[in-house]
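K.L.:
Residue numbers (the numbering used here), protein chains in the order written: chain A, 1 to 260; chain B, 261 to 819.
Keep in mind the hints are simulated off the structure, nothing from the lab. Each residue gets a CB set at the ideal place from its N, CA and C atoms; glycine is no exception. Among the hints, erroneous ones may be present.
[Claimed, not checked] What follows is a set of in silico ranges between Cβ atoms, one per label pair, in the way DEER data are often shown: (1) E667(B) / S58(A): 52 to 60 Å; (2) G745(B) / V91(A): 43 to 51 Å; (3) L88(A) / F785(B): 17 to 25 Å.
[Said to hold, decoys possible] Going by beta-carbon spacing under 7 Å, a handful of chain B positions derived as facing chain A: (4) D380; (5) M391; (6) I521; (7) A523; (8) Q524; (9) V648; (10) Y670; (11) V712; (12) A770; (13) Y775; (14) P779; (15) M792; (16) G812.
Residue strings, one per chain:
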Amino acid sequence: MSRRLRETLGHPFWQAVLLMLAAYLVIVIIGWVSAPVPRTVVIQYMLSALVGVLIFVSDNEQRWSRFKEPIQRTLVEPERRRLRGALLVLVPALVGFVTFQQVRPTVSAPAALRSVHPASPVRITFRGKAMELATLENSLRASGDLAEHYAAGKRVYYQNCLPCHGDLLDGRGHFAHGFNPTPLPFDGSTIAQLRESFVFWRIAKGGPGLPREGAPWNSAMPVWEDFLTQEEIWQVIIFLYEQTGLNPRRLGVEGEGGHE
Amino acid sequence: MGMSRAMTGDGGRSRAMTGDGAHPDRTSPDVARHRLSSPVCWLAALSALSATSMLRAQETQLSESAQRGKVVYDKWCMECHGETGAGDGAAAAFMLPRPRDFTRASYQIRTTASGELPTDADMRQIIDNGMPGTAMPAWGTKLGEGERNDLVAYLKSFSTFFEADAPTPIEMGRQPGRSAEGLAEGRATFEKLECFKCHGDAGSGNGPSGPTLRDDWDFPIRAADLTQSWTFNGGSTVGDIYRRLRTGLDGTPMPSFSDVIDAQVITDEQLWRVAQYVRSLSPEEPPRPRDVVRARLVTGPLPDGPADSAWDGVEQYYIPLVGQIIQKPRWFAPIVEAVWVQAVHDGSTLALRVTWHDRSSSPDPEWDEWLAAMAAAATDVDGPLDAVQGPDRLTIQFPGRLSGDVERPYFLGGDRQRPVYLWRWSSAPDALDEGAGAGFGRFTPRGEGGQVTHQARYDEGRWQLQLTRPLSSSDSTRAPSFAPGILVPIAFFAADGSNGESEARGAISAWYGLYLDVPTPPRVFVLPVVAMVLTAGFGVFVVWRAQRRESGRSTSEES
C-alpha cells in the first residue's frame, strides 16, 4: 500500500493534479482569512498555476513522457474503455453546467456608487446668509463655557438626531434600519478627519445638499437649517466631538489630518 | 417638579400593586385579594407615606458604586431618562413608549413576581441587551462591565423600594417538548385567558381593548403584535415569553398569570403551551429586507383580488418603515412598522399585493379615545396632532420617468426637477389616486385615464391591498411604462388614521427596487447544450486521433 502511494506521489501526472489542488486550496484559504476572492480572479490564478505546472512536468523529456503516459493509456487502452466513456460524458456535462450558471438570469440592485464624504462647496447660504466654508470656524470654541455648549448640544442631539444616529452614536438608532444609506456612525474615526465647517455644511444642508456623487436623492439626512439655528448646529457639533472623545481636523495643525 | 413626580410615582406604585393597574378585563376578586395579601404591598404603602424624607436620603447616601454610576448615567442615560430618573429627559417627548421612570421602581422585564422589584441581574440584562421594539439600545458593547454594574447601583438609588431585601426570581420549571397537540392546547389556553382581547384573535395586536390601553403613566400603549417576535421588548424565545406570562409587565396592562396557576385555573404546562403557541405565530428568524422585489412572470391569469389564494405561493418581501422625521411636521410614533410586498406580472400587466398590520380600519369611533391620548402625548413635537381621525393610507412611489440613469427623484416625494409617480390609496372612502408628486405633499392627480385598479381588504388587524396596472402607460407624460428586465425604483409610505397619522405624519421607506422578470431567453438553454456538444465532440476527436496514431504505431512495429 505505502509502496503504491509512494509510486503515485512520485508520478508526474499525480504530482501535477496535487499541485493544482494545492493551488486551489491556497486561494480558498486566502478567501477565508481575508476578503472573498472574486471568481474571475480565481480563474486567473488557476490558469497561472496550470501554466506553472505544465512547465514543471515538461521540464525534461523523461518526466514529460511519464506525465503523458496515463493520459495516453486512458485514451487508447481497451481495458480503460469504461473510464474513457465516463470522462466523455462527465466533462461535457460539467462544461454544460458551468455555462448554464454563467448565462442564467440573475437580478441584483446596481452597486451604490456613492461618495460618503464628497468635496464640500466653497460657500453655502445658511438661511439666506452666505458663508465661506474655507474660513468658517466654530464660533463657540472661542466664547462661553464649553460645558454649557456641550449640554446644549446634547439636548439638540437627543431631540433631533437620536432616532437615526443612536444613543451610542454608532449610526444605529431605532429608525436607522429604515434608511438606505444607513446613518453615519460618529464613533469611528470618520469625524476626526473632518473639519467642523464640513460637519456644519453636512448638518445644515442635509441629504438634498449633497453634490451628485453623494447620491442626494437617497439620503434621509434632513436639511437642518429648517429646524436648527446656527448656534444650535455649532452646539451639537461640540457635543459630537466631546461625547466621542475625538477632535475635529483643523487647518495647520499637525497630527490631526495634516494640512489642507 | 421632579420631587412631585416622584411622589405621585410612589403612590402610583402602591396603586398598581392593589390590582388597579392590572389587566382591564380581568377583575376577578381572587386576583385582587391575592395581590393585597402580599407583604411587599403593605411595605409599599408605608414607603409612599414618607416618600419625601426618603428622597432626601437618596441624595446623601450614594454608595461609591452608585456615585460612579451617576457619572455614566449623566453622560449616556440622562437625556432620555431624566436628571432625577423620572423618565422625563429632553428626548422623552420624542418617544413612545416613553423612557422608563426609575422613581417608581416599576420594571417591565423581570424574573421576579408581579409587583416585585427586579433583581440586579434583571436590570443588567436590560442594560446589556436593550429592549427590542423601543428606543433603548444594547449597552453591552459600549460600556464596560464595571460601568454597567455601577449604573445598576445608581438606578436603584432613584427609589427607596430597593432598600428592602433583594427579591428572589420565580421558579421557571422546564419547557415541555413541542408538538402539534401542544400548540393546539396553547391556542385553547390563549382563548381561555382571553389574550385576544388585547393581542387580537390572530395575534396582530388588534384586540378590542386596544383603544383603552394605557400604561401606569397614562400614556397610550400598544399590545404587542404577537406575529412580530423581533419587536418583543423582553426577548423572543419561548422561555422569554413564558417568563413574561408569569411575571407580567409591570407598569403596563399586561398582567401576570402566576395567580391563575395558583388558583388551579390552568396548569403550569398549559402556560408553557401558550408561550409556545405565541412564539409559533412569528417566523423562526426575523425577516431581512432585500433591495430588490422580484415580480415573477406567470403564464396563467393574475390573482383577482387580495384574498386570492394564488398569492400564497408568491414570495414576500419585507420592507421596514420608520417615522417621517425629515420634514415638518415630523412623526416619531408610527404604527406601521413594515409592509410585505408581493409582485407578479404576465408580460402585459403588473399585480402587486401589499400587506401591513394596522389595528383598525380608520376612521373607527372606537379609537377616538386612543387618538385623544395620542394627541395629549404628542403635543410638543412640531405642533399639535389632528384630533380628527383621517383614513388609513398607503402610497406607492415610483420615479416620474424611468431611465437607465443612476439618478433618481428624492426618495421623500421627489421635487420639481425630478417628480415622482404615485399610487395613493386611502381607506375612507376606499379610493386610489394616481398622479404625480413634486415634493412631499405636493400631489397632482392624473384625473381621467387612470390605469391602476385596486382592491382592499381589512381582516384580523391587517390590510391587504392588491394593485394592478398595464405595463405600458397610455400617456407616458403622466405615468411611466414598466418593462421587464429593468430595475424600477419603488418606495412605500403608510399612515394609520386612528393614530392621528396623515400623509406627513406617517411611516416611510427608503427606495427599493422592483424587477419584473423577463421571459427566460432561449440562449439560457441553447448555450449550455452547444458547449456540451462542442466539448464532447472535441473529446471524441482526441480519443479517435490517439487511437488511430496508436494503431498506426503498432502496425508499423509489426511490419
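K.L.:
Now look at each hint and say whether the structure bears it out.
P.N.:
Here is what the structure says about each hint:
1. For E667(B) and S58(A), the hinted distance range of 52 to 60 Å is satisfied, since their beta carbons lie about 56 Å from each other.
2. Distance hint check: the CB atoms of G745(B) and V91(A) are about 34 Å apart, inconsistent with the given range 43 to 51 Å.
3. Taken as a hint, the range 17 to 25 Å holds for the pair L88(A) and F785(B), whose Cβ atoms sit roughly 22 Å apart.
4. Hint on D380(B) is violated. Least Cβ distance to chain A is approximately 22 Å, over the 7 Å limit.
5. A cut of 7 Å between beta carbons decides the hint on M391(B): the least distance to chain A is about 10 Å, and the hint is violated.
6. Using the Cβ-Cβ criterion of 7 Å, the hint placing I521(B) at the interface with chain A is not satisfied: the shortest such distance is roughly 35 Å.
7. Contact between A523(B) and chain A, as hinted, is not supported at the beta carbon level, the nearest pair being about 39 Å apart and thus beyond 7 Å.
8. For the restraint placing Q524(B) at the interface with chain A, the shortest Cβ-Cβ distance is roughly 42 Å, beyond the 7 Å limit, so the hint is violated.
9. Proximity of V648(B) to chain A is violated relative to the hint, the smallest CB-CB distance being about 27 Å (cut-off 7 Å).
10. The interface hint given for Y670(B) is met, as the beta carbon of that residue sits about 5 Å from the closest beta carbon of chain A, less than 7 Å.
11. The beta carbon of V712(B) is not positioned within 7 Å of any beta carbon in chain A (closest approach about 24 Å), and the interface hint is therefore violated.
12. With its C-beta approaching chain A no nearer than about 4 Å, A770(B) sits inside the 7 Å limit, and its interface hint holds.
13. Of the supplied interface hints, the one on Y775(B) holds, with its beta-carbon coming within about 5 Å of a beta-carbon of chain A, less than 7 Å.
14. The interface hint given for P779(B) is violated, since its Cβ lies 10 Å from the closest Cβ of chain A, which is over the 7 Å cut-off.
15. Satisfaction of the interface hint for M792(B) is found here, the shortest Cβ-Cβ separation to chain A being roughly 4 Å, below the 7 Å cut-off.
16. With its C-beta approaching chain A no nearer than about 11 Å, G812(B) sits outside the 7 Å limit, and its interface hint is violated.
Checked against the numbered hints above, the structure breaks hints 2, 4, 5, 6, 7, 8, 9, 11, 14, 16 and satisfies the rest.
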